[in-house]
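The primary structure of each chain is shown beneath.
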Amino acid sequence: MEWNKGESLGIIGESGSGKSTLGRLLLGIEKPDEGRVTWGGRPITDRRARRGTISAVFQDYTSSIHPFYTVRQALLEPLKLVGGPGDARKLAELLRQVGLDESYLDKFPHELSGGEAQRVCIARAVSSNPQCMLLDEAISSLDGSVQMQVLELLKGLKETYGMGYIFITHDIMAAAYLCDRIMIVRNGEIEETVETSQLRHVKTDYAKALLRKVIV
Amino acid sequence: MSLLEVEHLRIWDGGSGAVLVPDSSFRLSQGECLAIVGESGSGKSLTCKALMRLNRPGIRQTGRVALNGVDLTGLSDKEMRPYRGKRMCMIMQNGMRAFDPSRPVGAYLLEALSLHGDWSRSEMVAGLSAAMMSVGLSDPSAVMGRYPHELSGGMLQRTMIALAIVLEPDVIIADEPTTALDAVTQYEVVEQFVALRGRIGSAIVFVSHDLGVVRRIADEVLVMKDGVIVEQGGTDAIFGGASHPYTRYLVSSKEALRSRYLQLMGGDAHC
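Heads up: the sequence lines are chains L and Y, in that order.
Anchor point for the first sequence: position 136 equals 136 in the numbering used here, and the numbering is continuous, going up by one each time.
Anchor point for the second sequence: position 83 equals 83 in the numbering used here, and the numbering is continuous, going up by one each time.
All clues given are correct.
Cβ pair distances, simulated, as ranges:
| # | chain 1 | residue 1 | chain 2 | residue 2 | range |
| --- | --- | --- | --- | --- | --- |
| 1 | Y | Arg53 | L | Arg89 | 51 to 57 angstroms |
| 2 | L | Lys155 | Y | Thr62 | 45 to 51 angstroms |
| 3 | L | Ser63 | Y | His244 | 33 to 39 angstroms |
| 4 | Y | Gly240 | L | Arg48 | 56 to 62 angstroms |
| 5 | Y | Gly31 | L | Arg96 | 51 to 57 angstroms |
| 6 | L | Lys5 | Y | Tyr249 | 35 to 41 angstroms |
| 7 | L | Asp205 | Y | Met133 | 22 to 28 angstroms |
Only pairs whose alpha carbons sit at most 30 angstroms apart, straight line, appear in this in silico DSS-like list of lysine-lysine:
| # | chain 1 | residue 1 | chain 2 | residue 2 |
| --- | --- | --- | --- | --- |
| 8 | L | Lys155 | Y | Lys225 |
| 9 | L | Lys107 | Y | Lys225 |
| 10 | L | Lys31 | L | Lys80 |
| 11 | Y | Lys49 | Y | Lys86 |
| 12 | Y | Lys78 | Y | Lys49 |
| 13 | L | Lys80 | L | Lys5 |
Think of the hints as simulated: they come from the structure by calculation, not from any bench.
Beta carbons are placed, not taken as given, at the ideal position from N, Cα and C, and that holds for glycine.
Input sequences plus hints: build the corresponding full structure.
What follows is the structure in structure tokens.
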């Protein structure tokens, strides 16, 4: 498979389909038994390939931020690694980009609602200026209206900064809303890939059955 | 007299004194499906558990909860026990937590049945097997021999639905039964609930934050926010033209998502 700069790619599949494993392989936090993952020609295992290239937001926001860190410290963590500016202005700007403000800087993760915590995780992911943000079921645990707010936020980041996404989810409607292209995964294999605009015209029986099961 | 009458239900935290549900009243008729919708913190789970007096010890409640005219809140724990399971049965969100992890699923099912009826063991196994086949578990004895962690979320939900089919309670309380499942399994479990309504005459209280699911299954809807019921009404009325701003907000919040999807799929989306 490929991902192209600026693209918003959805990876959809049922639980157990292998989509999360694929996500971990793309991030380089798991090694394949065969084959290669490269970013800009460099293997993902090379630290230089990862810096400024890809960052991630996961499903469980309660375990994604160190519980002893304030929001400020959580945001500073990746900035220290890429050597970016860690000043108050930059942090305030990051929070504003995700619809929060400076008042959150001294809060602890347990003081945040689900939506707020996930926004902090997105802000943290944006801070290293990656080309691509990988989101693994990042909105599934949120309330419906909050899911919508986060999707709009991601759309906004895409439109303003050309942020690219790899959006892993079982929620086909969410993927159709955010993504340009959708890849359907089944039992560890790529079943079909389709431009979102052509979703109606999927070819395989499995893809058709999957789309029929969407509760609108 | 309605099947289930809830009057002035008040729930608070005994430790801090914080009021969680100030004053809720609603009714459930025979055979009806009532959905309770709301976002996290709305009090829907607390309300469900209060109906069966299953909130954790620190949570206190007052108010009348009457099943067929009998006020459950006045019963002792011993008197309450035959009601839980046989008269009112709960299907929970996370199947893994509903079952005893140290025993195979079959052991739990048989124990639940033996508490509530006079069947022989072979009658129970036969009844369960038939019910499990009917919910799509094609190898009931294999499923009964498995431990909860060996079964998928969807299979655990189906198992709980099968138990409800055998028990045929007056009221089934389903607390976010599809929330922890992936989209395909959600669809299949919702279809099981729809089929269940056709099979047994139980009334259902169905708690969910997913309005698409509610639209599919419910006759009546209660909308809760911050512990308060802000609106009640028939499903069509609520989704068609609700009066309360919060209901309108909930209904419309995913509208952009739905309309984009419907636009992409043309007329082919399953509604």
